[in-house]
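*Asks:* Could you fit the two chains together into a complex? Lean on the hints.
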Amino acid sequence: MVPPDSELIALARAGLDRTAFGELVRRHQSAVRGFLRHLIRDDDALADDLAQETFLAAFRRLDHFRADSRFSTWLLGIAHNQWRNARRRRRDHAELSEHIPAESDPAAPAAADLHHDLTAALATLSADEQLAIHLGYHQGLSHAEIAALVDWPLGTVKTHLARSKEKLRHLLAAWNPRA
Amino acid sequence: MESPSLNFPPDEDAALAAMLRAHAPTIADDGFTARVMAALPPAPRGRAAAARWPWIAYVGGGLAGAAVVAFQAAAWSDFVSATRALANAFAHVAAACAEPWLVLAVTLSILSLVISVAFTRPRWRFW
Chain F
1 MVPPDSELIA LARAGLDRTA FGELVRRHQS AVRGFLRHLI RDDDALADDL
51 AQETFLAAFR RLDHFRADSR FSTWLLGIAH NQWRNARRRR RDHAELSEHI
101 PAESDPAAPA AADLHHDLTA ALATLSADEQ LAIHLGYHQG LSHAEIAALV
151 DWPLGTVKTH LARSKEKLRH LLAAWNPRA
Chain L
180 MESPSLNFPP DEDAALAAML RAHAPTIADD GFTARVMAAL PPAPRGRAAA
230 ARWPWIAYVG GGLAGAAVVA FQAAAWSDFV SATRALANAF AHVAAACAEP
280 WLVLAVTLSI LSLVISVAFT RPRWRFW
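The listed protein sequences derive, respectively, from chains F and L.
Each residue of the first sequence is one higher than the one before, starting from 1 at the first, in our numbering.
Each residue of the second sequence is one higher than the one before, starting from 180 at the first, in our numbering.
Next up, chain L with everything else stripped away, as it sits in the complex (with noise of 0.2 angstroms):
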């Protein structure tokens, strides 16, 4: 509340005041809050589902890469070489982003990326 008037005597404007307040009515619940919640709208299908579909894609695309692995390699020795093959290719890779060239374009290609989402709250998320 702002300032009372000052057409009184502060402790006589706050007596008033007071008893104002006192008087507020108290409304008891009564099931009123079960009244609203029931006549809610029902959930929009999927709201909940697309909010949660990035971790399944996420989680299942690795449970399948690893299954894909895992039935390919007939032996544990056939799995190091091709965990080896793997961690080659990705040193190569590694190497290829050494260039300064690659490493702008990246860099600008997140930085863009960061601004569109910071600044235009897209529906869809990565997490």
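One chain only, chain F, in its complex shape (with noise of 0.2 angstroms):
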């Protein structure tokens, strides 16, 4: 039987069983370092020093996450804490890129499969529209949660999400018989 993440975070708290918390890291790396690696386009070598940093938080303050949420939830907090202290510290040297949306057209003949179309089309968003989908379909956030993750109001969560699902459909018109 697999241990829910409440067990072994309870492990974990106890000082004892240094594999449970390795185990939370492993369940949760993938959506840490995606999250990081979103925020930070082009260097997922820093994306992932910013993970490791994230966990190691994490491990520190491990008797400060409350069951009020769940653990995926406040490690992205924490992993949206480190990337923000990253780019601050390196505002005066090199600016960290803080999800700029590449150069596409989206007139551009479509591509043979639906990743790239994808792919493109979701580049086409906004910053804040990019991360919006994001947070809320790759992983899986509640509107509320994001809004609590990267400190919007709800209102406007809900508006970026409305408006990205606009310009997606527009886009994937193609992919979608029933469009």
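Treat the hints loosely; a few may be bogus.
Stated by the list, open to error - Pair by pair, the computed Cβ-Cβ distance ranges are:
1. F:N81 - L:P279: 51 to 61 angstroms
2. F:D63 - L:I294: 16 to 26 angstroms
3. L:A207 - F:T19: 18 to 28 angstroms
Stated by the list, open to error - From chain F, some residues computed to sit far from chain L (all C-beta separations above 12 angstroms):
4. P4
5. E7
6. S69
7. A86
8. R89
9. R91
10. S126
To be verified - Which bits of chain L does chain F cover? Going by a derived footprint, with three or more residues having C-beta under 8 angstroms, they are:
11. 192-204
12. 208-222
I should point out that these hints are in silico values taken from the structure, not numbers from a laboratory.
Remember, it's a predicted structure, so these values are computed and weren't measured experimentally.
Ideal Cβ placement from N, Cα and C applies to all residues, glycine included.
*Replies:* This is the structure we're talking about:
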């Protein structure tokens, strides 16, 4: 039987079982690294470094985790703080890219596969819209969780998602037989 | 996820949502977890030992007491008589504990201990 996160957290908190924390890292590494790679588009190594810092910070602050939110959401919050701190540190030197949308022409001929089309369509969204889509659909966060994580009003989250979907629906109409 | 936008027909919205979820990248671990585990601060010295020491104390104390009794008792009869003397001593204590004021005092002490353990989450434990 696979132990739930709460059980692993309790073991890791007790300090008796480091493998429990290792299991938590293994479970959530993809989400945290994916989130940071989304925020830092052009540097996977830096994103992974910040992901490592995220888990180390989570380990230190495990006693502060409250079970009223999901562990994954809590981790993403720490990751977002790590990214903001890194961006602040680097501001005077080299700016960390802030999910800058890639240049793309929506009117370009459609690629053969859906993945390519979807990637191209997502790239046409604004940075905030991309972030909302990433958190809402790739990370599976609720509107309220997104609002809390990135410190946006709930209405802003809903607006970004609605606008994003409107654009995507238009751009991906060819892939939807009902459109 | 909360209910999707009401701007689109539900099936169209669901199709787009499914498309986006399927697009979510899954990143292979590729040694990342091992890297994080290697970077963890060393286990606080004595944290695991702190959890073990009450048991060590209880078992060690019991064994030490048994050793003293065995050492003092030159013969089996001495051991039996010592055990009887101990039982008598306990009986006297138990008789004294039957005093209502003492029962009340002990009850209040236990109650305050339970409350303090339950609400203050002390670092120490009896177990």
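*Asks:* Does each hint hold? Answer for all of them.
*Replies:* Against the structure, the hints:
1. For the pair F:N81 and L:P279, the beta carbons lie near 60 angstroms from each other, so the given range of 51 to 61 angstroms is met.
2. Remark: the range hint 16 to 26 angstroms for F:D63 to L:I294 is upheld by a beta-carbon distance near 22 angstroms.
3. Taking 18 to 28 angstroms as the suggested C-beta distance range, the pair L:A207 and F:T19 conforms, at roughly 20 angstroms.
4. Once the 12 angstroms rule is applied to beta carbons, F:P4 is consistent with being away from chain L; the minimum gap is 18 angstroms.
5. Listed as a non-interface residue, F:E7 keeps its Cβ farther than 12 angstroms from every Cβ of chain L; the least gap is roughly 18 angstroms.
6. Every Cβ of chain L is farther than 12 angstroms from the Cβ of F:S69; the closest lies at roughly 15 angstroms, confirming the non-interface assignment.
7. Chain L leaves F:A86 outside its interface by the beta-carbon criterion, the shortest separation being 17 angstroms against a cut-off of 12 angstroms.
8. Listed as outside the interface, F:R89 is consistent with that label: its C-beta sits roughly 19 angstroms from the nearest C-beta of chain L, beyond the 12 angstroms cut-off.
9. Non-interface call for F:R91 relative to chain L: holds, since the shortest CB-CB distance, roughly 26 angstroms, exceeds 12 angstroms.
10. For F:S126, the requirement that its beta carbon stay farther than 12 angstroms from each beta carbon of chain L is met, with the minimum near 16 angstroms.
11. Check on the region 192-204 of chain L: 10 of its residues sit with their Cβ under 8 angstroms from a Cβ of chain F, so the three-residue criterion for coverage holds.
12. With 10 residues bearing a CB less than 8 angstroms from a CB of chain F, the region 208-222 of chain L meets the requirement of three and the coverage assertion stands.
The earlier numbered hints are all upheld by this structure, with none contradicted.
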